[in-house]
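Peer 1: Protein chains in written order, with this note's numbering: chain A, 1 to 244; chain B, 1 to 1051.
Simulated from the structure, these hints should not be mistaken for lab results. Ideal placement from N, C-alpha and C gives every residue a C-beta, glycine not left out. Among the clues, some could well be false.
Stated by the list, open to error - Listed next, the in silico DSSO-like pairs over lysine-lysine satisfying Cα-Cα at most 30 angstroms (straight line):
#	chain 1	residue 1	chain 2	residue 2
1	A	K4	B	K216
2	B	K20	A	K132
3	B	K193	A	K40
4	A	K132	B	K193
5	B	K216	B	K193
Said to hold, decoys possible - Selected chain A positions facing chain B (in silico; Cβ < 10 angstroms):
#	residue
6	P63
7	Q78
8	P127
9	L137
10	R141
11	Y142
12	S153
13	E169
14	L228
15	L231
Stated by the list, open to error - To be clear about the criterion: a stretch of chain A counts as covered by chain B if any three or more of its residues have a C-beta under 8 angstroms from a C-beta of chain B, and this derived list gives those stretches:
#	region
16	6 to 20
17	64 to 76
18	173 to 184
19	212 to 218
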Amino acid sequence: MPQKISLRIDGELIHTAAGQSILDAAKAHNKFIPALCHMKGLSSVGACRLCIVEVAGVGRLLPACTTPVQDGMSVTTQSDKLRRYRRIALELLFAERNHVCAVCVSNGFCELQGLAKRLGVTNVRYPYTYPKVPIDLTHPRYTADQNRCILCSRCVRVCAEVEGAHVWEISGRGVGSRLVCELNRSWGESTNCTSCGKCVQSCPTGAIAEKGFAVEEMSKRTDPISRLATLRAAGSDNKPGVIL
Amino acid sequence: MKRISDLSSFNDVREAGLSKLLPDRPRIAIGMGTCGTGNGAESVYHAFADAINTRGLGMNLARTGCFGFCAAEPLVNVYLPGKPLVILQRVQPNDVPGILDDLASGRMPTGLALCKIEEWDHITGHVRFGVGLPEIPHWHEVPFFTGQKKIVLRNCGLINPNEIDEYIAIGGYQALYKVLIDNNPDMVIEAVKAAKLRGRGGAGYQTGIKWEFLRKAQSERKYIICNADEGDPGAYMNRNEIESDPHSLIEGMIIGGYVMGATEGILYVRAEYPLAVHRLNSAIEQARECGLLGDNILGRGFRFDLQLVEGAGAFVCGEETALIRSLEGKAGRPTPRPPYPAEHGLYGCPTNINNVETWYNIAPIVIKGPGWFTETGSAKSPGTKVFSLVGKVNNTGLVEMPLGTPLKTFVYDVGGGGTHGRAIKAVQTGGPSGGCIPQEMFDTPVDYESLGQLGSIMGSGGMVVMDEDNCMVDVARYFIEFTHSESCGKCIPCRVGLDKSLYYLNRITQGKGTEADFDLLDDLSRMIRDTSLCGLGQTAPNPVLTTMRHFRHEFEDHIRAARCRAGVCEDLALSPCENSCPLHMNIPRFLQLLKEDRLEEAFVSVVMDNPLPASTGRVCQHPCDNRCRRTGVDSAVNMREVHRYIADAIYPSDRFDALASDIAARRKPLTGKRCAVVGAGPTGLACAFYLCMLGHEVMVYDSNPAAGGMLRYALPDYRLPKDVLDREVELIRRTGVQFTFNTQVPRDVSLNDLDGQYDAVFLSIGTWKESWVYLPGTELTGVIPALPFLEAVSKEQPVPLGKRVTVIGGGNAAIDSARTALRLGSKVTIIYRRERKDMPAIPEETEAAEAEGAEIVFLATPHRIVGGPDGRVQAIEAVRTKLGEYDSSGRRRPMPTNEIIRFACDTVILAVGETVDLDFAKASGLKIKESGLIEVDRYTLETSRSKFYAGGDLITGASNVSNAMGYGKKAARNIDRRLMNVRRWEEVFPSFEYDQAPPAHASEAPRHHVEEVDAAQRATTFAEATIGLAPVDAMEEACRCLRCDVRNGDH
């Protein structure tokens, strides 16, 4: 039996099991903390920094996805500073690649777009970088368009941790980071890819999408993957490679 | 190598080592760290080896590490039995025969000696070399080493890093032996905790506590790691430590492994340190052979081994979680903590990571105990820290100082102050993660907390000194460029945020930045600092945030005036000389025009840049000289004298008339705007000239009967003959400037009158009031202030000057007064409270005054003027001072002694500074600063009253002629902009076609100096004391220019 602890999130007293993250605890109690790189069932990497929260007595901001709850903790998920910083992070993402919602398959279903709307990002103050990045259309069923990639690494993790195929990786560093398929070959040439589509469903934007969808058509479902991953973690005999 | 399994075999190795360190014949050891090798130590070594071989000398030759004083490399230690160890500096191969001659005959080669060491405390052991050689200073008497305490560097540069027995000879591996014999790991951890040893990698976490975590961690496998991925630009402490003394690191790690229960240790060494890797590998090999690594260490049944891994070449791998990933063979990207490595580290096992230097402190703490360790340093941060002191200081090198030592000790005492006597502006600590600390804050003790409060960090110990030639915006840009390219790209703030930060900094350094950019950059930097995943991102904005905080004016200069005072930002400066000139004269252009024998065009070029070229050519402080790149070859081009030559060649000639008409004809069509200039000094004249050329109607008011201000009434004739000035004023008059003399504002014409009659008013009255100085006896007859004295002399009014004159002060007014008094037949003594190099006066002027017979007494502060019964001055008494601590201006503060010196005299001239006539400022109704100076916008020179501008001494306090004229020029530009509402400033200036290639063969001639009239002859007359350059010399000087202004030349 996991130990029960109490903490406060935005003033509300919450009783929850020890060992889980602030983000999970908040979610379970219908508290909204924005996040992009986090996906239920996958390991947390704390990369997008949108889920930063203030914890009383801690000088710095902490990512809710990787910080475990502690008894007596007092967490603030919304403040002027947090809102400002989250807004900057989203603006930086928009400025980094070439996000043009109007022509995107995921328009209307995109998590980046949704968060921007929800957090009130109406304009981007930073200059756009307009990088030239590759689009991979070689896979028979799927597309990978790095113009829309936010490097959240959800595809990398879902492929490694749930599917066990290790197709995706991130190469390079800094702003030169790029999503690569295996040892930087085109997706169509991949020998590991099982075409299971988990990366497609996990991708929060239109970067990895299914062919045959037009603008505003590509909605995604992460729940089945999360459920599968949770079951597997609980010791179910589901083998990697199961196609959903 | 013999395996050490018990005390007696330990002692055998020790004896062998001692006989190498203190042989019964001469020993020569060459400092061959990377720093020494880079300075030619390899060839010195071979020169010694060959000579010893061919001559068949019975001498030992060895390699050693670096003793720390990198500026004096190559260092060579020489030892003669019974004598102190002597360290020779800057040894070159051709010094070798002489050194060997001396040694062979039993003498010490004292000529190259840096210092001597009679005995040395290796902390784990003690070595006595011998006594004697009084002519050579002890090592701690050398300024660079004063105050240093070598704990980490205890063996560096003294033992051979390739020989384990030398390390054992000075007490090496004794701490390990003790720990294994005591068999009480908790006691060791308690000792490290009690010593409050903080992690030397930068974060400063308590080492003992970290060790305890790992000791308590339950796991089959535990790892300890040494982080030697030193990647900060300008930092090389760890490299030198490993290269000079690898065994101390190994010993520290074996002890750590034993007490924490780890059986495996990993050294993660930067791959760019090949020598360190090589020496460490061979040291590990030797330690294995001796039974100090591997199974059954020292026969005590403990198993531990070390493995060296070369870094992957990424700065971020210095971050512990990224380092662990890199060791695991993955991409070096950090992971969030928790979990901390102590719970979940390398391959998921509990792991402890410490910096190289932390490990070096372990053996001393074990041997000497925590009590001894905490005696050094500050209460919260005991012990020492090694810093690499680099940049613009005279003495660069590795400095080990107790923590808590003030920053100024590093910069001024150890570092020996700025190179070329330049003023130091800031110190950057902690590399790209640190911040810039301005010179005003050099009292800050160097420890973890104090640096953190200033927005910087201790970091691994890099200390980069910057002087006035460093642009702080560019420094920030440089470090962001570094962290930007080293960001792993995992988290958004660091990956994209630094990219955008770099964008803004690039714009600002190109002069394209806006104030909105500044605010966005500030906001973004805070966001990156507060939200990044790992230490790299969290600290990367520090250089930006600290420079924004402490050097905001430099950002403003770039943004509002597109100026880079340091001349670093290439897009904002034509050349270093142009950039340093307050008038921003296009110096390379007039030099080139003269070189092409186009004298008349050179004259137009000069006059249009500076309407008083003959006067400034004589009296300017020539800041251009200090920045001239030719200084790096021989000495600066004599630019001031060349434009004096150009002006002197035209003004008195028959070509003047036509050229003056040409220039007047360049005046733009009348705009119908009327401008008033108050004050016909250099500032006012410059402003009037440009306003007039821009087509405005200009009236200049002055209370005196002629134009020139200080140039006419304060500068003695021997420096600036009045006819020279008259001709220059004539040119300005011919462009259309009108003058109203003998009219004082606001007495005769009020500011309201001016407001009513003119569209813009420029105020530029000078500093005609003597600063008040508290000195008993100033009321006596015979005490006169300098400016009224000089003014009276120039107006040929009678002055009450006695036979013996004492001048108090060290500025130009003091020297002018002294030389004037000499010419009036008095005997002159100048009293100045600081040293010669601190004098604000132009050095050439000071020298000329001495040549003419003035005596200068330095380091004396007048404390009273003694009067006789008749109320007349009889003498002046001064307190002799000695140099004390460095003050906030970077000069050593004069401290009074008990010695009083008395100078008999009948006249005292006070030249202790001048201020603006406060009455004017008060009466003007303009906003005044606390100092009594008029407040203006730094960039537009607008005062608090619309239409009214002010410049020159009125806003800066007493300055010099070119500075003052620079303000006049700037005011004209801003007034025109306001009046006309369009940018038309550039249209006034003529353009010239001239050669745009760097000179294929710049003249190799040395600098041409002006000829001075013989001192005895000139001291009796007010005729000009210098004779300008001859035509050939001026031409030759022009040919010396290296043409830094050419950017895309053929070469």
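Peer 1: So, for every hint listed, does it hold in this structure?
Peer 2: Against the structure, the hints:
1. For the given pair, K4(A) sits about 26 angstroms from K216(B) by alpha-carbon distance, which is consistent with the 30 angstroms threshold.
2. Distance check on the hinted pair: K20(B) and K132(A) sit about 64 angstroms apart at the alpha-carbon level, beyond 30 angstroms; violated.
3. With a C-alpha separation of about 42 angstroms, the suggested pairing of K193(B) with K40(A) is violated against the 30 angstroms cut-off.
4. A hinted pair counts as satisfied when its Cα atoms are at most 30 angstroms apart, and K132(A) with K193(B) does not qualify at roughly 54 angstroms.
5. Proximity of K216(B) to K193(B) is assessed by CA-CA distance (about 15 angstroms); at most 30 angstroms being required, the pair is judged to hold.
6. Taking 10 angstroms as the C-beta cut-off, the interface hint given for P63(A) holds, the closest approach to chain B being about 6 angstroms.
7. The beta carbon of Q78(A) comes no nearer than 15 angstroms to any beta carbon in chain B, farther than 10 angstroms, and the hint placing it at the interface is violated.
8. Hint on P127(A) holds. Least Cβ distance to chain B is approximately 6 angstroms, under the 10 angstroms limit.
9. Against a cut-off of 10 angstroms between C-beta atoms, the interface hint on L137(A) is violated, since the closest Cβ of chain B lies about 25 angstroms away.
10. Below 10 angstroms, beta-carbon pairs count as interface contacts, and R141(A) has none with chain B, the closest being about 28 angstroms; its hint is therefore violated.
11. Interface restraint check: Y142(A) against chain B, minimum CB-CB distance 24 angstroms, threshold 10 angstroms, status violated.
12. For the restraint placing S153(A) at the interface with chain B, the shortest Cβ-Cβ distance is roughly 8 angstroms, inside the 10 angstroms limit, so the hint holds.
13. The beta carbon of E169(A) is positioned within 10 angstroms of a beta carbon in chain B (closest approach about 8 angstroms), and the interface hint is therefore held.
14. For L228(A), the interface hint is violated, the least distance from its beta-carbon to any beta-carbon of chain B being 24 angstroms, above 10 angstroms.
15. Checking L231(A) against chain B: minimum C-beta separation of about 24 angstroms lies over 10 angstroms; hint violated.
16. Counting residues of the region 6 to 20 of chain A whose CB lies closer than 8 angstroms to any CB of chain B gives 0, so the stated coverage by that chain is violated, three being the minimum.
17. Only when three residues or more bring their CB closer than 8 angstroms to a CB of chain B does the claim for the region 64 to 76 of chain A stand; here the count is 3, and the claim holds.
18. For the region 173 to 184 of chain A, the proposed coverage by chain B is satisfied: 5 residues have a C-beta within less than 8 angstroms of a C-beta in that chain, meeting the threshold of three.
19. Given a C-beta distance limit of less than 8 angstroms, the hint that chain B covers the region 212 to 218 of chain A is violated, as 0 residues qualify and 3 are needed.
Hints 2, 3, 4, 7, 9, 10, 11, 14, 15, 16 and 19 from the list above are not met by this structure, while the remaining hints are.
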